[in-house]
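In case you want the letters, here they are:
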Amino acid sequence: MTTADATDRPAGIALGIIEFRKDMQLERRPLIGSNGFYVYYGDNAAVKNVSFDIPEGLVTAIIGPSGCGKSTFLRAINRMNDLIPGCRVDGELTLDGQNLYAPQVDVVSLRKMVGMVFQKPNPFPKSIFDNVAYGPKIHGLTDRRKLGEIVEHSLRQAALWNEVKDRLGDNALGLSGGQQQRLCLARAVAVNPKVLLMDEPASALDPRSTSRIEDLISELRGEYTIVIVTHNMQQAARVSDLTAFLYEGNLIEFGETKQIFTKPGEKQTEDYITGRFG
Amino acid sequence: MELKTRRMLDRSFTTIGVFAIVLMAVSLVILLQPIVWRGAGAFIFRETVENRKLNLELLGRGSRAKVEIEITETEAARKPVYDMMAAFEAEMEEGGSAFRKQYGREYSELRDMLSELLGPLPGEKNPVLIRAQYGRTRWDRAQVKFHQIRYVEKYDYSDPDRMGVKIEKPRSALFESTSIEPLFGYLEENIEQMMLPKLTFYWRFLFDRSFDAHFFGGIWPEVLGTFYLALGAMLFAVPLGIVTAIYLAEYAGESRFVSLLRTCISSLAGVPSIVFGLFGLAFFINTMKISNGKSVLAGSLTLAFLVLPTVIRASEEAILAVPRTYKEAAMSLGAGKWHTIISVILPAALTGILTSIIISLGRAAGETAPIIFTAAVSVGRPLAIWQTLSQPSPALSWNIYNLATEHEAVDEIRHVQYGMVLTLVAMVLLLNLTAIIIRARISKKLRG
Numbered sequence: 106m107t108t109a110d111a112t113d114r115p116a117g118i119a120l121g122i123i124e125f126r127k128d129m130q131l132e133r134r135p136l137i138g139s140n141g142f143y144v145y146y147g148d149n150a151a152v153k154n155v156s157f158d159i160p161e162g163l164v165t166a167i168i169g170p171s172g173c174g175k176s177t178f179l180r181a182i183n184r185m186n187d188l189i190p191g192c193r194v195d196g197e198l199t200l201d202g203q204n205l206y207a208p209q210v211d212v213v214s215l216r217k218m219v220g221m222v223f224q225k226p227n228p229f230p231k232s233i234f235d236n237v238a239y240g241p242k243i244h245g246l247t248d249r250r251k252l253g254e255i256v257e258h259s260l261r262q263a264a265l266w267n268e269v270k271d272r273l274g275d276n277a278l279g280l281s282g283g284q285q286q287r288l289c290l291a292r293a294v295a296v297n298p299k300v301l302l303m304d305e306p307a308s309a310l311d312p313r314s315t316s317r318i319e320d321l322i323s324e325l326r327g328e329y330t331i332v333i334v335t336h337n338m339q340q341a342a343r344v345s346d347l348t349a350f351l352y353e354g355n356l357i358e359f360g361e362t363k364q365i366f367t368k369p370g371e372k373q374t375e376d377y378i379t380g381r382f383g
Numbered sequence: 303m304e305l306k307t308r309r310m311l312d313r314s315f316t317t318i319g320v321f322a323i324v325l326m327a328v329s330l331v332i333l334l335q336p337i338v339w340r341g342a343g344a345f346i347f348r349e350t351v352e353n354r355k356l357n358l359e360l361l362g363r364g365s366r367a368k369v370e371i372e373i374t375e376t377e378a379a380r381k382p383v384y385d386m387m388a389a390f391e392a393e394m395e396e397g398g399s400a401f402r403k404q405y406g407r408e409y410s411e412l413r414d415m416l417s418e419l420l421g422p423l424p425g426e427k428n429p430v431l432i433r434a435q436y437g438r439t440r441w442d443r444a445q446v447k448f449h450q451i452r453y454v455e456k457y458d459y460s461d462p463d464r465m466g467v468k469i470e471k472p473r474s475a476l477f478e479s480t481s482i483e484p485l486f487g488y489l490e491e492n493i494e495q496m497m498l499p500k501l502t503f504y505w506r507f508l509f510d511r512s513f514d515a516h517f518f519g520g521i522w523p524e525v526l527g528t529f530y531l532a533l534g535a536m537l538f539a540v541p542l543g544i545v546t547a548i549y550l551a552e553y554a555g556e557s558r559f560v561s562l563l564r565t566c567i568s569s570l571a572g573v574p575s576i577v578f579g580l581f582g583l584a585f586f587i588n589t590m591k592i593s594n595g596k597s598v599l600a601g602s603l604t605l606a607f608l609v610l611p612t613v614i615r616a617s618e619e620a621i622l623a624v625p626r627t628y629k630e631a632a633m634s635l636g637a638g639k640w641h642t643i644i645s646v647i648l649p650a651a652l653t654g655i656l657t658s659i660i661i662s663l664g665r666a667a668g669e670t671a672p673i674i675f676t677a678a679v680s681v682g683r684p685l686a687i688w689q690t691l692s693q694p695s696p697a698l699s700w701n702i703y704n705l706a707t708e709h710e711a712v713d714e715i716r717h718v719q720y721g722m723v724l725t726l727v728a729m730v731l732l733l734n735l736t737a738i739i740i741r742a743r744i745s746k747k748l749r750g
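Protein sequences, first through last, are from chains A and B.
Residue numbers for the first sequence follow this note's numbering, beginning at 106 and rising by one.
Residue numbers for the second sequence follow this note's numbering, beginning at 303 and rising by one.
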């Protein structure tokens with residue numbers, strides 16, 4: 106884990122002083138593609154005609170004011186919206202070139218490829234070990250030794266191993282909020298997904314835990330394609346390579362984070378990131 | 303509102319609440335006190351030599367040598383009584399019709415009561431019923447009988463404005479200046495030597511079958527019957543109830559039909575239990591013919607229908623109370639719906655489901671009306687498990703009622719009735735206690 110202090114980080118959103126990633130490679134191939142994509146709740150469109158490509162291996166942030174459809178769009182990627190009665194989609198959303206909403210798509214194997222970390226830490230009321238092993242187990246792995254390896258590897262990836270290695274049998278609900286969220290991250294990476302969706306993963310955490318989660322995102326970058334929804338613009342600026350700005354269901358602007366935060370192309374984007382509304 | 307008014311309101315609510323709780327506690331004590339006190343009388347009581355004799359002869363319990371010594375002892379103490387009676391009988395024989403007319407009826411009453419107190423008198427044929435083969439086996443019943451021997455009970459109806467007033471007159475006055483008059487004095491002094499009362503702890507009350515319609519012995523068939531009925535009911539109600547609850551909570555969705563279904567289930571919980579009993583008779587026995595007449599199986603099924611609505615509603619509530627986030631987490635990891643339910647939702651809802659099961663178990667154990675027509679008989683042997691499919695059984699709840707209303711000598715066996723009540727209450731309390739402990743354990747495990 107990098108021990109970047111909070112002081113190393115940009116203090117504010119004042120344009121120009123944010124240090125962006127130097128190693129941006131935008132020539133990566135697109136992994137998730139949306140083309141004229143709509144999501145409806147009943148008769149209301151929550152996401153309207155959204156078209157943009159999320160490249161492989163980078164961190165893409167989706168920002169926007171409350172109710173702009175950013176979470177809805179995120180949940181469309183692993184089809185969690187299916188759980189909501191009256192929700193339907195239109196247009197095209199693809200993963201690796203395959204339409205996610207085609208009738209022959211197996212939701213179970215899709216969700217295996219697309220992991221998710223939720224806004225509030227939601228570990229199962231089981232032991233720490235069982236939480237992380239849950240995914241591999243339901244996908245048919247029974248070998249205790251292999252499970253142990255996966256659990257250790259995942260917990261290491263989530264930078265939680267050193268804190269919990271002596272009490273893997275303890276109930277996960279006994280961990281602190283930040284630890285629980287990292288456990289959820291470990292649980293998500295344990296099934297070895299391609300994509301990690303994060304729905305405001307740090308909004309329920311204290312600043313210290315938040316910075317640890319952000320460090321983790323930076324570390325996982327490259328290994329996973331990460332899509333993060335956040336309310337916190339400093340966070341988007343700190344962790345993401347690309348940023349999409351959604352407003353009232355429409356995609357207003359999508360581009361390199363550096364460019365969005367320094368020279369936004371649209372007036373609305375500028376107003377939002379400078380705090381004039383939102 | 304003024305601060306003062308608010309404070310007063312708060313205080314008065316507290317007072318009323320505390321008062322209500324105290325009232326309930328007091329009534330609970332008043333209710334439980336006779337149950338515990340008199341129920342304990344079935345287990346701990348002073349037995350007479352007759353009880354030891356009965357135990358030895360009927361069940362082969364106790365030391366033969368010791369009991370025989372005691373019998374010899376008591377026979378010696380009783381001999382003067384029998385001698386006096388024989389002498390008086392001879393006197394009557396000689397005394398002519400006037401003498402017989404004066405004492406005949408009184409003497410035969412006395413003789414009958416002595417026979418009830420001490421067992422068959424010398425020269426009597428051995429009676430058929432066990433209860434007549436022995437004297438009073440319990441010292442408390444012996445004392446009641448002895449009191450009846452000493453005093454004649456009469457009612458004075460001379461004052462038309464009052465109910466009959468009970469008057470007790472010494473019976474010895476009836477036999478004044480006859481040869482049997484000293485009998486009363488002798489009894490008074492030697493009753494204990496004649497009966498040898500001794501404190502005993504009859505723990506086998508729970509595990510003995512009854513003899514001679516609960517005059518002697520214990521309540522094992524009833525305990526076992528209750529156990530079978532309650533457990534059998536759970537065997538049917540729990541799987542059915544949980545599956546229904548899962549369907550309603552996770553699969554059914556919200557349609558007209560489903561809300562109608564929910565209403566029906568709720569109303570079913572309010573149907574009087576006697577109606578379930580009649581339904582069980584009509585459906586399981588008369589229509590389905592699952593058994594030739596009453597059987598434990600039919601009773602269990604009827605009880606299962608009685609508790610099913612409770613199990614369904616409580617389990618559904620428990621399932622719906624599981625945080626949606628658990629479900630989302632499992633789904634996001636690629637778990638299918640069924641897998642999510644089995645591995646995440648049911649374990650998290652287990653506490654609530656378990657509570658509903660235990661409450662239902664207690665209810666099934668205590669219900670009387672549903673088994674009247676379907677399972678219960680007043681006297682029976684303990685059943686083996688395969689016999690429950692075809693045979694009826696006595697059960698605590700029904701037999702408490704039955705003893706109180708149908709038994710020919712209910713005053714003699716009150717202790718059995720109270721013993722049954724205590725056992726039933728203890729069983730139900732024990733079940734609830736187990737439930738509380740298990741619940742606490744599981745929710746502690748879930749909370750971490």
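Worth flagging that the hints you see were computed from the coordinates, not collected in a lab.
Hints are not guaranteed to be accurate.
[What the hints assert, rightly or not] The calculated DSSO-like cross-link candidates involving lysine-lysine, where the alpha carbons are at most 27 Å apart (straight line), are:
1) A:225 x B:747
2) A:299 x B:629
3) B:500 x A:270
4) A:251 x B:639
Legend entry - Hinted pair residue 225 of chain A and residue 747 of chain B, Cα distance within 27 Å: 21 Å, holds
Inset, instruction - Compare the distance between the alpha carbons of residue 500 of chain B and residue 270 of chain A with 27 Å, and conclude whether the hinted pair is satisfied. - result: This hinted pair is violated, its Cα atoms lying about 66 Å apart.
Legend entry - Hinted pair residue 299 of chain A and residue 629 of chain B, Cα distance within 27 Å: 22 Å, holds
Inset, instruction - Quickly compare the C-alpha distance for residue 251 of chain A and residue 639 of chain B to 27 Å and report which way the hint goes. - result: 26 Å, holds
When held up to the earlier numbered hints, the structure conflicts with hint 3 and nothing else.
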